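**Student:** Residue strings, one per chain:
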Amino acid sequence: MRYIAALVLCGLALPVFADKAAVEGLRVYLDEGRYRVDADVHLTLPPAVREALHNGIALVFEVRAELRRENIMIPDSLVTQHRRRYRLEYRPLLERYVVTELGGARTVETHLRLRDALKAIGRIRGWPLIEKRQLDRSHTYYVRVRGELLLTELPLPLQLHAYVKPSWWIATPWAEVPLR
Amino acid sequence: MYRLPLFAGLFVVLLVLLFLMGQVAGSAEQFERYYIVLLAANGVFLVVLVLAIGANALRLVRRLLQHAPGSHLTLRMTLAFVIFAVAPAAVVYVFSLQMLERGIDSWFDVQVEAALDDALELSRASLDLIMREYLQDTVRAARRLERVPDSAAVLALSDLMKETGATELTLLGANARIIASSRDMAESLVPRLPGEAVLRLVAQGESYVGLDPTPEGSLRIRVVLPVAPSTVNPQARILQALYPLPQRIGRLTERVQEAVGRYDQLSYLRGPLKQSFMLTLSLVLLLAVLFAAWAAFQWAQRLLEPIRELARGTRAVAEGEYDQRLSVQRLDDLGLLLQSFNEMTERLAEAREAAKTSQRLVERQRAYLETLLENLSSGVVSLDPRGRLRTLNRAAAQILGVDAPERLIGRPAEELRGEGGAFASFMDQLLENLREADEECHMQLTLQGEKGRKILMCHGVRLPTGGQVIVFDDVTALIQAQRDAAWAEVARRLAHEIKNPLTPIQLSAERLRRKLLDRLDEDEGRILDRATQTIVAQVEAMKAMVNAFGEYARRPRGKVRAVDVNQLVRDVAELYRANAARARVELELAPDLPAVQADPDRLRQVLHNLFNNALEALGERDGGVVRVHTAVVEEGGLVEVAVADNGPGIPEEMLDRLFEPYVTSKSRGTGLGLAIVKKIVEEHGGTVWAENLPQGGARLVIRLPAAR
Ligand SMILES: Nc1ncnc2c1ncn2[C@@H]1O[C@H](COP(=O)(O)OP(=O)(O)O)[C@@H](O)[C@H]1O
Ligand SMILES: [Mg+2]
Numbered sequence: 001m002r003y004i005a006a007l008v009l010c011g012l013a014l015p016v017f018a019d020k021a022a023v024e025g026l027r028v029y030l031d032e033g034r035y036r037v038d039a040d041v042h043l044t045l046p047p048a049v050r051e052a053l054h055n056g057i058a059l060v061f062e063v064r065a066e067l068r069r070e071n072i073m074i075p076d077s078l079v080t081q082h083r084r085r086y087r088l089e090y091r092p093l094l095e096r097y098v099v100t101e102l103g104g105a106r107t108v109e110t111h112l113r114l115r116d117a118l119k120a121i122g123r124i125r126g127w128p129l130i131e132k133r134q135l136d137r138s139h140t141y142y143v144r145v146r147g148e149l150l151l152t153e154l155p156l157p158l159q160l161h162a163y164v165k166p167s168w169w170i171a172t173p174w175a176e177v178p179l180r
Numbered sequence: 001m002y003r004l005p006l007f008a009g010l011f012v013v014l015l016v017l018l019f020l021m022g023q024v025a026g027s028a029e030q031f032e033r034y035y036i037v038l039l040a041a042n043g044v045f046l047v048v049l050v051l052a053i054g055a056n057a058l059r060l061v062r063r064l065l066q067h068a069p070g071s072h073l074t075l076r077m078t079l080a081f082v083i084f085a086v087a088p089a090a091v092v093y094v095f096s097l098q099m100l101e102r103g104i105d106s107w108f109d110v111q112v113e114a115a116l117d118d119a120l121e122l123s124r125a126s127l128d129l130i131m132r133e134y135l136q137d138t139v140r141a142a143r144r145l146e147r148v149p150d151s152a153a154v155l156a157l158s159d160l161m162k163e164t165g166a167t168e169l170t171l172l173g174a175n176a177r178i179i180a181s182s183r184d185m186a187e188s189l190v191p192r193l194p195g196e197a198v199l200r201l202v203a204q205g206e207s208y209v210g211l212d213p214t215p216e217g218s219l220r221i222r223v224v225l226p227v228a229p230s231t232v233n234p235q236a237r238i239l240q241a242l243y244p245l246p247q248r249i250g251r252l253t254e255r256v257q258e259a260v261g262r263y264d265q266l267s268y269l270r271g272p273l274k275q276s277f278m279l280t281l282s283l284v285l286l287l288a289v290l291f292a293a294w295a296a297f298q299w300a301q302r303l304l305e306p307i308r309e310l311a312r313g314t315r316a317v318a319e320g321e322y323d324q325r326l327s328v329q330r331l332d333d334l335g336l337l338l339q340s341f342n343e344m345t346e347r348l349a350e351a352r353e354a355a356k357t358s359q360r361l362v363e364r365q366r367a368y369l370e371t372l373l374e375n376l377s378s379g380v381v382s383l384d385p386r387g388r389l390r391t392l393n394r395a396a397a398q399i400l401g402v403d404a405p406e407r408l409i410g411r412p413a414e415e416l417r418g419e420g421g422a423f424a425s426f427m428d429q430l431l432e433n434l435r436e437a438d439e440e441c442h443m444q445l446t447l448q449g450e451k452g453r454k455i456l457m458c459h460g461v462r463l464p465t466g467g468q469v470i471v472f473d474d475v476t477a478l479i480q481a482q483r484d485a486a487w488a489e490v491a492r493r494l495a496h497e498i499k500n501p502l503t504p505i506q507l508s509a510e511r512l513r514r515k516l517l518d519r520l521d522e523d524e525g526r527i528l529d530r531a532t533q534t535i536v537a538q539v540e541a542m543k544a545m546v547n548a549f550g551e552y553a554r555r556p557r558g559k560v561r562a563v564d565v566n567q568l569v570r571d572v573a574e575l576y577r578a579n580a581a582r583a584r585v586e587l588e589l590a591p592d593l594p595a596v597q598a599d600p601d602r603l604r605q606v607l608h609n610l611f612n613n614a615l616e617a618l619g620e621r622d623g624g625v626v627r628v629h630t631a632v633v634e635e636g637g638l639v640e641v642a643v644a645d646n647g648p649g650i651p652e653e654m655l656d657r658l659f660e661p662y663v664t665s666k667s668r669g670t671g672l673g674l675a676i677v678k679k680i681v682e683e684h685g686g687t688v689w690a691e692n693l694p695q696g697g698a699r700l701v702i703r704l705p706a707a708r
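Top to bottom, those sequences are chains A and B.
Number 56 in this note's numbering belongs to position 56 of the first sequence; there are no gaps in the numbering.
Number 319 in this note's numbering belongs to position 319 of the second sequence; there are no gaps in the numbering.
Please note that a few of the clues may not be correct.
[Claimed, not checked] With a straight-line cut-off of 20 Å between C-alpha atoms, the simulated EDC-like cross-links for lysine to aspartate or glutamate are:
hint	chain 1	residue 1	chain 2	residue 2
1	B	Lys356	B	Glu319
2	A	Lys119	A	Glu24
3	A	Lys119	B	Glu196
4	A	Lys119	A	Glu109
5	B	Lys274	A	Glu51
6	B	Lys274	B	Glu101
[Stated by the list, open to error] Derived CB-CB ranges, DEER-like:
hint	chain 1	residue 1	chain 2	residue 2	range
7	B	Asp117	A	Glu70	29 to 39 Å
8	B	Leu79	A	Ser167	36 to 46 Å
9	B	Arg140	A	Leu150	44 to 54 Å
10	B	Leu79	A	His54	49 to 59 Å
Keep in mind that the hints were calculated from the coordinates and are not lab data.
Since the structure is predicted, the reported quantities are computational estimates derived from the model, not experimental observations.
Glycine included, each C-beta is placed from N, C-alpha and C at the ideal position.
Make a model of the complete structure from these sequences and hints.
**Tutor:** As structure tokens, this is what we get:
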């Protein structure tokens, strides 16, 4: 099931993800009975998006890791997920990129270079997924990771614009590893 | 009318959608997130409208192609409404678009932009100044820390904090290990370490000063310096100091930053904003126009509904349906029109009903006449003014021997003349007579048919409308009866008047002979003998003739009983078999022949006469056969006896008068044999006829009613 879905997804996604938005170094490991994920979600901004960023538009990214269970006849089901949202903005006064994690932590980081800011957003280190004992041995599980720009968080006039412009559809394809 | 609520409902939906769009376009915060939903809703509404209009237009086109009544008017009205709706809307649209374009552009000004940039520059400069001051303070603090050992660093740091006004001071060792840290109570519990890039910079001996945004949204100054190694501390260390911005400066810079950000954002969003405004405007306008168009269709339809109704009604009337009433739902001019149409059809219906009633009356009368005609025993024939056969009643058909009268009706009489048969002969004579006749005429026609001659008494009248009616009766039987009666009278007279003197004549002649024969000489005696013998023989013959006449004239003498005709035939045939050596007698007798109520003696007389005639006709010829045949006919109602021979047959000219007395072809015949046959048969309620057989010979047939 999920291979077909992935194939279809790739087929659709290929032209969009052409500028090497990808997930690298996806790794799932067991740490004190708990599965954790490491990965680097590699996001890049096309010039149009960069221009918006430099004109005071805040971009919200979501990075997500999902633990899924393979099913035979029905679509695969989501067991658990871990996701984080980051706001990326450019401060002309500081001449810096500010990354704020939304939600609980609300940590703020500044970066001199956009590349560093994006790298910080895409950095997944030790995200906890699930306790090993919670898994059902008779099933096959896999982890997948992806990062994307949330168009819904854009200012309204831009949102309409972005929905119809493929250069705004920034997302990596899903990267998967089986859970062993 | 179901359309009104629908119409109102759609209109309300349209208004709500447009209002919300207006609100959203005005950027009211709470609507912002519903904008997309609203757009989608509008889109759906748009599609619905387009479909509705499409359906309406399709229907209109179909009606136009069918040339349905009112369709052209509908088209024209709809077009007019749409044009009236679209034209002002288009003007407003173009005007609004221009306003939008110029209005939005006028928000942005090069001077304002430059001023904002300057303000930003200014804030940056003043912040730089402040940062440099704090850098100097921190450099001094770092100098003082050079000789402070790690163990005493905490104390030194808290002292330095008070002197410099920093909110946090942290001393880091190799690998960013925290040696000591001092913080304000208000600050976070954990020291906020500098990023890797900064550490790398400081490791190279540079000092870093920069602004950091706090999670609360304000700014603070971060200074990171290398602390030079000394004799006390041989290892290189790093000092980080965090200072709050002076409140006033902080507020100002924040505001500048916000304003610049907002302006940048707005000027960047100008394009998309315009697009979305235009989209909204276009959508609103399109909705309004489409709604107007749809409304135009609906309205035109509603307005023209009565006209369609009227057309439908007219068509129904044209097709002869008068009881259709149009529904009048309005009291306006068109409603009145419908009402008067209804009245008109009502009148028409009444008139038609009256016509129907009178027609029924006529029909009934006609039917009555027809039954009368059909059951009349007289034949009735009528001709129309153009000389075509119009009526031929049942009696007429029967008399004239026509099997299918309906085949002849409507054909010209002249044409029927040449058809052949009794009917043609009748027409022929009739037309001949009518030609000379005027208003009324009487005539007697004689028809030659297969079963003998027929005599018809005709009475013709010219109709006032043209054409003629001829009423006629078959008087053959009547005339026959009269003739029979006359003959019977003659016979009786003859018997009476002639038979009486015959005996004295005979006796006298015999006495004359007896007395005179001896007295005369031989010659004279011979003459007397011959003369008296002739007289006696002739008187004898005369007696026989008179007896035969008497037989003919005799009244029936009762003695009627059930007679087995077969047995009778057998008895008589036996007699002739014995006597007639030459002819053969053959019998074909029906097995289950019913009995006949008759006088057996008289019936035997009939058979004798028929046998006699047949044998006489055969004469001396060889191979003569007399064939007697009995049968049941008319579903057991009649007994038929036929005597056939293979003789010369009956002379053609005698056929129709055969049964009259004194009709004979024989030199010594009386011509009474068949007359008697007929009389006896008729006395028994039967019929008799003669016919010549195609293979030669004659056949005489009698039919008697079977006893019940
Ligand atoms: N079987 C027959 N075949 C031919 N002619 C017949 C036959 N029966 C009757 N006729 C004709 O009908 C005539 C009338 O017959 P009928 O009345 O018996 O008188 P008669 O026998 O005295 O002549 C006969 O003279 C004869 O010409
Ligand atoms: Mg005879």
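**Student:** Now tell me, hint by hint, if it's right for this structure.
**Tutor:** Taking the hints in turn, this is what the structure says about them:
A distance of roughly 17 Å separates the Cα atoms of Lys356 (chain B) and Glu319 (chain B); the hinted pair therefore holds under the 20 Å criterion. Between Lys119 (chain A) and Glu24 (chain A), the direct Cα distance comes to roughly 11 Å. Compliance with the 20 Å bound is thereby established for this hinted pair. With a CA separation close to 13 Å, the supplied pair Lys119 (chain A) and Glu196 (chain B) stays within the 20 Å bound. At roughly 12 Å between alpha-carbon atoms, Lys119 (chain A) and Glu109 (chain A) fall within 20 Å of each other, so this suggested pair holds.
Between the alpha carbons of Lys274 (chain B) and Glu51 (chain A) the distance comes to roughly 18 Å, so the proposed pair stays at or under 20 Å and holds. In summary, the hint linking Lys274 (chain B) to Glu101 (chain B) is supported, as the alpha carbons are separated by about 7 Å, within the 20 Å threshold. Checked against the hint of 29 to 39 Å, the C-beta distance between Asp117 (chain B) and Glu70 (chain A) comes to roughly 57 Å, which is inconsistent with it. A beta carbon spacing of about 45 Å between Leu79 (chain B) and Ser167 (chain A) agrees with the range 36 to 46 Å that was offered as a hint.
Between Arg140 (chain B) and Leu150 (chain A), the C-beta spacing of about 47 Å keeps the proposed range 44 to 54 Å intact. Taken as a hint, the range 49 to 59 Å holds for the pair Leu79 (chain B) and His54 (chain A), whose Cβ atoms sit roughly 53 Å apart.
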